[in-house]
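2 protein chains.
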Amino acid sequence: MATRQAYLDYGAATPLAPEVVQAMLPYLTERFHNPSAPYALARSVRDDMEAARATLARLMGARPGQVTLTAGATEANNLAFAAVDGMIVTDAAEHESVRACAEARRHVLVAVGSDARVSARAVADAITPETELVSVELANGEVGTIQPVREVAAQVMAERARRLEARDPRPILLHTDASQASLTHAVNVSSLGADMVTLSAAKVYGPKQVGLLWSSDDVRLRPLVRGGGQEGGVRSGTENVAGVIGFACALELASERRRGEAIRLAGLRNRLQDRLRAAFPAMVITGPKKDKLRLPGLLHVSFPGLDATRLVIGLERRGVSVGTGSACAASRMRVSHVLRAMGVPDEVARGSLRMTLGRPTTSEEIDYATEQIADVVRIEAARMGVSL
Amino acid sequence: MATRQAYLDYGAATPLAPEVVQAMLPYLTERFHNPSAPYALARSVRDDMEAARATLARLMGARPGQVTLTAGATEANNLAFAAVDGMIVTDAAEHESVRACAEARRHVLVAVGSDARVSARAVADAITPETELVSVELANGEVGTIQPVREVAAQVMAERARRLEARDPRPILLHTDASQASLTHAVNVSSLGADMVTLSAAKVYGPKQVGLLWSSDDVRLRPLVRGGGQEGGVRSGTENVAGVIGFACALELASERRRGEAIRLAGLRNRLQDRLRAAFPAMVITGPKKDKLRLPGLLHVSFPGLDATRLVIGLERRGVSVGTGSACAASRMRVSHVLRAMGVPDEVARGSLRMTLGRPTTSEEIDYATEQIADVVRIEAARMGVSL
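Those protein sequence lines, which keep their order, are chains A and B. Going by my numbering, the first sequence opens with residue 793, and the numbers climb by one from there. Going by my numbering, the second sequence opens with residue 793, and the numbers climb by one from there.
Careful: at least some of the hints might be erroneous.
[What the hints assert, rightly or not] What the simulated footprint calls covered on chain B by chain A, stretch by stretch (three residues with Cβ under 8 Å from a Cβ of chain A suffice, anywhere in the stretch; the number is not a length):
| hint | stretch |
| --- | --- |
| 1 | 803–810 |
| 2 | 821–828 |
[Claimed, not checked] Examples of chain B residues toward chain A, derived with CB under 8 Å:
| hint | residue |
| --- | --- |
| 3 | L833 |
| 4 | L901 |
| 5 | K1000 |
Because the hints were derived from the structure by calculation, they are not lab data. Here the structure is a predicted model, which means the values were calculated and not measured. Here a beta-carbon is modelled for each residue, glycine too, at the ideal position from N, C-alpha and C.
Here chain A stands alone, though its shape is the one from the complex (with noise of 0.2 Å):
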């Protein structure tokens, strides 16, 4: 029985910080009023749920109004689809909801590099005058490529541009996905130069299905949801009040920890990757090589010749929770696009672990697991018959 713990899958589900839970509490409790409805009590729900608006909207440079609430990144991806109607352009890295999104429309989808990364050159050669949105991630939360978003919005401020100039009145939108990012990136909107960001409660130690679009004031978004007009008509539905006061709180804590959990994060994982790349001369390191291009909580490994699910199995045994890639691909055991978009031959592919550090990873935690995935990974080559 495993009385050590390792959990290493920060990537696909955080922990709530005891703070957002807190903060939360009182609108699961007594402060449970509807925020539309007209008497003192539920003006008040109101307001605080506006000012948690406010927080998010000013930890991203941006204006509350500009803030849609959704449940969930996924959401708000799909809101930000549904805002254009014409020709998508996106990378063949992205989350699956943008995959998704792009493949129920007419799109482009740029190849990237064997990096994961899409240079901000090819998304500007796949846009044709038809194209009305591009969408490129600010990171990817399955090999942790940060993408050149900025770039990219140079790209597309320059389409625009053009447009303006031959008095072509579609509109050209950039949409960047900050999901995954957004713990140790920030998401100042002027920064990134995008008309649209999405960002998830989930990813930075908030409550699940809950988060939201920004948008910019020429974005006009279009319901996916119609309703009681909530949110400015875009997204109906009695708001998720605890939900997006947790979400106000754990942005706020995720900014002022941003840029030194970055540091420690990166130390972390730089120390598990350099002892298994010391026990496995032959495991593959997946992603870009320089630091700065990658998530820093974020390792992804291959292990030629061995089964990623195996390797899984055998570490929960051993108190030690890894992912094989993205959860949601994980449940049904594909290979990843991500990877294969990349390049990564599938005998590769499928020998593939994700470990994400998050706020309450230790080096101890790090160095346990360091070595669980070492006996777990030497026990299944010795079976396979595979040198590492």
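Fit chain B to the given chain A structure using the hints.
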């Protein structure tokens, strides 16, 4: 300053039952894992979530695979409408989410009576060969009218039989939003005879932004939100585990207490109604006269010539929280579409209060509220020179 309180707007928002908060807390703290992740901790969370889904299904007399979890009743209603392409038949007193979905499509609004009740005959008359969806709520949340859903179901089944006979492959489905009814009325899907049923956690002392759409095996739902493929591909996004657990706990409690609570609430409501009527003979009681045709915990009254907004403000100073109609519409200070559909003159509608009683409501609270309402109405009537 108000030292005593009476909250009488449970139709707009219910507090979470203490049992529900307790059930949710582990999933907001240590059991935070992503239910799609592959390791034991996550699979155990998935098991708990699926057990909650099974509970919800059982309480509806349904199977777990027929339950799609959503971010609230509004989304569930939108999902029901997205299942069909053809003409919609609904009634003029539906909740704004159903109404907005209908208005975005080709639709017929069936008139309701002065008690807001729709007749199954009128629905049958509105059905044409192009009709693919009929949507009639189980109970109206604003004036409390119980709709004849079973009778409507019989008409829909007759039309289905006719089409089968005529070898017409066009489907016709019945959807019912049972959100407002489920605390006091059974929501067994076979008894209702519907093909799709919406429920809301927020109306049964569960969390906000959690709901479900039950659909029969004959219905093929189509996603509003695409992505990782959760909820059988119909509703993507990492699941709101805590919310689903809370919903199941809340509906279980509601089911256990349903019969007794309906009797208790009707008693309290009638006490409130009778005393107000004795004080104000000109007060209009809106909705069906027969108790069995209206929600037991709801009283909708109008004071002709008075302004409900002023009454609400006067009452909140005395610690009494009441609504002016549906919370969604209330914030926009429109005359309710339900009252208009019932033929209530605008000057009567403007003086309308909705009082909804709930699990924590006591007879002392009702007595306090009665006194305060009477007092505030008298003051306003004197100010306006109105005789009530």
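Here is how each hint holds up against the structure:
no. : hint    : in the structure
1   : 803–810 : holds (count 5)
2   : 821–828 : holds (count 6)
3   : L833    : holds, 6 Å
4   : L901    : violated, 15 Å
5   : K1000   : holds, 5 Å
Hint compliance for this structure: hint 4 alone is broken.
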